[in-house]
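Given the coordinates of chain X, work out where chain F with the ligands should sit on it, guided by the hints.
Chain order of the listed sequences is X and F.
Going by my numbering, the first sequence wraps up at 1100, each residue one higher than the last.
Going by my numbering, the second sequence wraps up at 10360, each residue one higher than the last.
These are computed hints drawn from the structure, not numbers from a lab.
Heads up, some of the hints might be wrong.
[As the list claims (entries may be wrong)] Which residues of chain F face chain X? A few of them, derived with a C-beta cut under 7 Å, are:
#, residue
1, Asn10064
2, Arg10090
3, Trp10094
4, Pro10279
5, His10282
6, Thr10285
7, Gly10318
[As the list claims (entries may be wrong)] Covered by chain F, per the in silico footprint, the following chain X stretches (three or more residues, Cβ under 8 Å):
#, segment
8, 219 to 229
9, 336 to 346
10, 384 to 393
11, 457 to 463
12, 534 to 540
13, 607 to 620
[To be verified] The calculated label-pair distances, taken between Cβ atoms and stated as ranges, are:
#, chain 1, residue 1, chain 2, residue 2, range
14, X, Ala538, F, Asp10024, 38 to 44 Å
15, F, Thr10285, X, Glu472, 51 to 57 Å
16, F, Gly10307, X, Glu294, 48 to 54 Å
17, F, Thr10013, X, Pro371, 49 to 55 Å
18, X, Ser449, F, Thr10013, 48 to 54 Å
19, X, Glu294, F, Thr10285, 31 to 37 Å
20, F, Asp10098, X, Ala520, 39 to 45 Å
21, F, Phe10267, X, Gly481, 56 to 62 Å
22, X, Ala538, F, Thr10285, 28 to 34 Å
All C-beta atoms in this analysis are idealised placements derived from N, C-alpha and C, irrespective of residue type, glycine included.
Read off the chains here:
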Amino acid sequence: MPRRDDLETILLIGSGPIIIGQACEFDYSGTQACRVLREEGYRVVLVNSNPATIMTDPGFADATYIEPLDVATLARIIDKERPDALLPTLGGQTGLNLAIALHEAGVLDTYGVEMIGANVEAIRTAEDRQRFKLAMTEIGLTVPPSGIAYSIDEALRVGDELAYPVIVRPAFILGGGGTGIAHDRHELKRLAERGLAASPISEILIERSIAGWKEYELEVMRDHADNVVVICSIENLDPMGVHTGESITVAPAQTLTDVEYQLMRDAAFACIRRIGVETGGSNVQFAVNPQTGEMVIIEMNPRVSRSSALASKATGFPIAKIAAKLAVGYRLDEIRNDITRETPASFEPAIDYVVTKFPRWAFEKLPGSNPVLGTQMQSVGEVMAIGRTFCESLQKAVRSLETGRLGVNCDPAERELDALSDEELVLATAVPTPDRIFQLEAALRRFVSIERLQEVTRIDPWFLDQILQIVEERDRLGRLGLDGATRDDWRRAKRLGFSDGQLAYLWNVAEADVRARRLAAGVHVTYKTVDTCAAEFAAYTPYHYSTYEDEDEIALLTKPAVVILGSGPNRIGQGVEFDYCCVHAAFALHDAGFETVMINCNPETVSTDYDTSDRLFFEPLTNEDVLNVCERLQQVGEVLGVIVSLGGQTPLKLAHGLERSGIPVLGTTPASIDAAEDREQFNALCDRLDIPQPDGAIATNADDAVAVANAIGYPVLVRPSYVLGGRAMQIVYDDTDVRRAMAELAHTGSLGREGGLSAQRPALIDRFLEDATEVDVDAVRDRTGACLIGGVMEHIEEAGVHSGDSACAIPPPTLSAEVVRTIEQYTRALAEELAVVGLLNVQYAVKDRRVYVIEANPRASRTVPFVSKATGVPLAKVAARVMLGATLDELSTEGLLRPPAAGRHVAVKEAVLPFNRFPEVDTILGPEMRSTGEVMGIDRTFGMAFAKSQAGAGNKLPDKGTVFFSLADRDKDGGLVAARRFFGLGFSIAATAGTARLLEENGVRVDTIVAKVGEDVGVDGVDLISTGKVDLVVNTPRGRGPRTDGMHIRRAAIVHGVACVTTVAAALAAASGIEEEAQRDAEVRSLQEYHADGQLRLEV
Amino acid sequence: MNGAQLVLADGETFEGIAVGCRPDDGVATGEVVFNTALAGYQEILTDPSYAGQIITFTYPHIGNYGVNERDDEARRPRCRGVIVRDLARRPSSWRATDDLDGFLKRHEVAGIAGIDTRRLTRHIRRAGAMPGAFGTADRATLLEAARADGGTDGCDLASVVTTPEPYTVGPDDAGLFVVAYDFGIKRSILDQLVGAGCQVEVVPAATSGADVLARAPDGVFLSNGPGDPAAVTAARSSVEDLLGNVPVFGICLGHQIMSLALGAQTFKLRFGHHGGNHPVQHLSTGRVEITSQNHNYAVDAATLPTGSVVTHRNLNDGDVEGVGTEHLRAFSVQYHPEAGPGPHDARYLFEEFTQLMRAS
Ligand SMILES: Nc1ncnc2c1ncn2[C@@H]1O[C@H](COP(=O)(O)OP(=O)(O)O)[C@@H](O)[C@H]1O
Ligand SMILES: Nc1ncnc2c1ncn2[C@@H]1O[C@H](COP(=O)(O)OP(=O)(O)O)[C@@H](O)[C@H]1O
Ligand SMILES: [Mg+2]
Ligand SMILES: [Mg+2]
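Pulled out of the complex, with its shape left as it was, chain X reads as follows (with noise of 0.2 Å):
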């Protein structure tokens, strides 16, 4: 049966803000459904409460709602735009379990919507440990041991029946939240209170561990006649007790004979089967038992899962569209397959290379987390490489991760592990941590044996083989030495996957005459292509990868081509907004008649789509790989240049290194991004044009920063040269401060690995300007200096807080039309001055009515997509085109550039933390950036917006009840203002007792008095807040360090998921939500409306 025709309008519910274990895959998925839908003519509505994503871009469906992801809200949006059907099973675990609560509610039977994809019952039967456990043992498949719980004691009781280790796995969970092995009563006690609360439906499975056993992963597809296929096998390097999101894991499966996957492929069919997903991709998970052989099933995700994002970049065949048109009613063998054209859908894909997706952490950015990898997700993204070999497409993922290492060892960083003797080194290996691949390495490169690691780790000794044949061809490359390379040897060592800067350290030469000796031996890149049929059929897709082979497959180009370099993995400071900025340069170059090029190694990304761009090289952005691509498609026609402005900073590095080796970098030159990024340049530049900076000067050693401190005044702002999203950096009030803040920058200090102090590494030292208003601004600016503010985004917390981690409104609430005006005037002052061709991104903090200027970057900001579906302005689409030659003058009246929506209504965007996943870690906001990811809310007002932001961040504001208030002595008065607002909202006060006193003598009643964490008189915040007594923290920081009172309570409020502010600024913003929320209920409208109306006059 084709197209169903009885359905017209469909909804879709996207994953929400990026979080750890539910990242930009859903994105991926969400805008591939969203494009298949339409093109099939159905009326496609979105909901999703995250503005940095593709899929939430007007174009991409005909009511577009950025509203929080609760069901009050979607109850609203599906009375008003009354859909046929909901799709479930694109948006992750927050999609699927978000249908689950709207048929629960009865929402859907009311509006008469039909689930389609997967009903409720099969999304319960797999989600729900128990009946999941019941469904297999009934159709003959094994499980480990295990029994349910719904309490401590049960949990023990069963932990007790089973012996230990055991593994706690609550339901309807992701990113194995709350899961955790058990070795003893007492661990499994702590491990299951965390478990119960994991699960929405506070449901534990108490299960026999099997640590240690192969883990695998089958990507299935079923149609509604019943048509299975296996697109895709996955086998996990880390096994069993590591979560598949945490681990390395390879495609196709490596290791097992045909029988034992046939066995697999059989079982995994009879799950999905029985668990009754009708249409659609699954996820099977398996463990098996490395001695005998014998095969268990551990889970079935029924729905589009981040290994279906990996599966279908790995394979060509694109898991989400299909999952899409068969929900609609298409069966496999009725849909093409776009790569081949002639063959159909109805097929496996036969690889004939090598997928390795690595993990990408971020404990560096998290002070108090331990760095150890387990059942439970902490990767805040990942990576794929392609080879046509294991051990290259490694080494290809670990450049790929942009940590600073070169491949697998053979490089500056693997000098870390000289210290360790063997048998540390060995005993290191035990413990799963992101380092254990490189310990491996240099365990074997000191002669111990494969046997030995496999009995530690549980590794599969065939990959640990290959690891050994890394070791033994480095081996053999140091002692011939570059002289004594021949083409035979260049050849081995690249298809061993050793990058030129590994080569470069191994000899130590320089990596450009590494790269002249390579060509010059006659060694060149090949590309070949992904093509889901490991060539028996012609491909039509150019979606490539490099190995050195003979045959290279790149063909003619037709049109000039523009290379945009993507952003690499997600990592805390970036992440899918960058995406975002790259798609939609794909997308407006494609249409102004360019040939794009794409090239990033994000698996989970729309850039890397095989239909996003004319074509995909799915590579490292090093500058070896990125090179290659460029010097490659010159060969075979024109190149316009590269664009390195999109993805954030890790293009950025890449320029000057382009630029010399005469690729052209289009858009602002690498001479004036370095004039802004430079300390002393930039401080020069703003004084030229007289813009006020705050006071501050470098310091190499504690006495020169004690010196500059006292000058400049205290607080100071600390922070090495050369950082990201604020890394490292630290607020500091006193000189005994200033000392420890800089003996921790020193190389022999905690944060060494920055890079140490040094001349050419000098500390930056700023004056902090206390309690100041930050604004972010977004601008473009053309080559003739026409210049395009996108948009002025006043920050909620106060300066000081990372402008990845604060919130912040378009229009600015409270900035006075002439700051304003102002802060317009620097921007367009520092872009002309700057010669930007593109985007410009400048943080202000306002202080006193006086504008200072914190920072310029002549690129691409995290505020980009959320300007641009604040105001309707496609900034990323301007600027690249802009990039291109176009004028904003001609893009006007080209009609892309339309002017601004604004004045009728408010957008808010919230910071996301993940903070639930390192209870370790202190929540307090500070410099150095942490969130994943953020929600948007958008309304006629600030308030509501803003009380739509908390509650799209899970973070919902009470409407009544208490309000705990703990101040920080500098925030009393403002706290006092907040106070009053919330008591006059009907909110009783509880508050500690310096608090209290200030409160009360300012005519405020506070009802509770509470004593400090740990004195044994009266109730203190924490026992308050876990008891229930508690509907809104404020808190803000007093002193810092992880011990203070404020952390307990903060966590406290984490843990049972009362809603906090750390800033007196928020609360207002909170009170003022609450007061809105009180006069009238919350009213959704789509993007579309909001953008149709009020558009202003287009200033430029």
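Just chain F with the ligands, lined up with the frame of chain X:
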């Protein structure tokens, strides 16, 4: 080092290194074909249907899980050589009893590794399957050898690989008795027939129809096998005698021979179907089966006589994948329902065969 080359009959040359057995003259020749299966190299290497051919594996890592007795499809490999990108040096599997290199040496199969197998595959796709030669000998020698090799056209290779003597598998008390023609039969097929409740007597390819009928079988099975079906003339006439007198089920070469016996014609495909992922549609139900495939020839649908119908088609290229004739109680498929290696989607056909026999 052990440098080696692969030279195709059209002169295309590839660099690699010699692995497995080393022929004294440093030359191995045969028709070069490629297989796209991701796993199951041992089953493929031991499938007698590859007699006369050199197998290229498109998946780069071959040998990862070693070899074991239980996965052999026949007593020994019949292929002329194997071409891989990377031969695993350390296998890993609880089932492994040897590594692949040892296996190749033991069975005197020459191999070449380090080849850009994707380039080779793309070349064969464009130019068609052709003879080739590889080894440590010099290029001229290899080219000559490649040109000298006739390929498989017009060769009756079934008579080369068939069993010299009849033998029986399966219990005496099995409900059904099947005579199976061995044109190069795979172990998996016998396992499936026995599993479906049959005792099977495997007979040489040259056995006459009368001989077979004299054994009073409930049904006759026509096996897979190597070479050009049109060249296996003896078997064709035996099958002509059988059709209509006893239920018949054929697989691969058996399917082609049955079709020829029905009066249809076969033709050679450009580079054949060799892999484990081909979608085949069961025309009567519309269901799609993912199938294991290994054939260079196919049946020309247009030449099928009335009374015989196409039951299965390949969704990739529309080739005939199955033929049935109700009045003659015979059916056959081009692909491999027994898998070994490959998906199990089509195993139901063995049940259908037993039902057909019981019905008669
Ligand atoms: N019985 C078990 N013993 C040891 N490890 C296990 C067991 N079950 C699951 N795991 C590990 O926990 C990880 C997460 O469990 P899973 O149920 O897949 O969580 P999620 O649903 O978030 O993917 C798995 O990837 C696996 O490594
Ligand atoms: N002089 C200052 N006074 C107050 N806050 C500051 C000052 N300089 C920086 N900040 C705060 O530190 C944050 C990070 O500084 P920034 O220069 O943007 O680092 P990065 O470039 O790494 O993002 C800013 O968002 C701002 O909140
Ligand atoms: Mg899982
Ligand atoms: Mg799950």
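Are any of the numbered hints broken by this structure? If so, which, sorted upward?
5, 6, 7, 13 and 18
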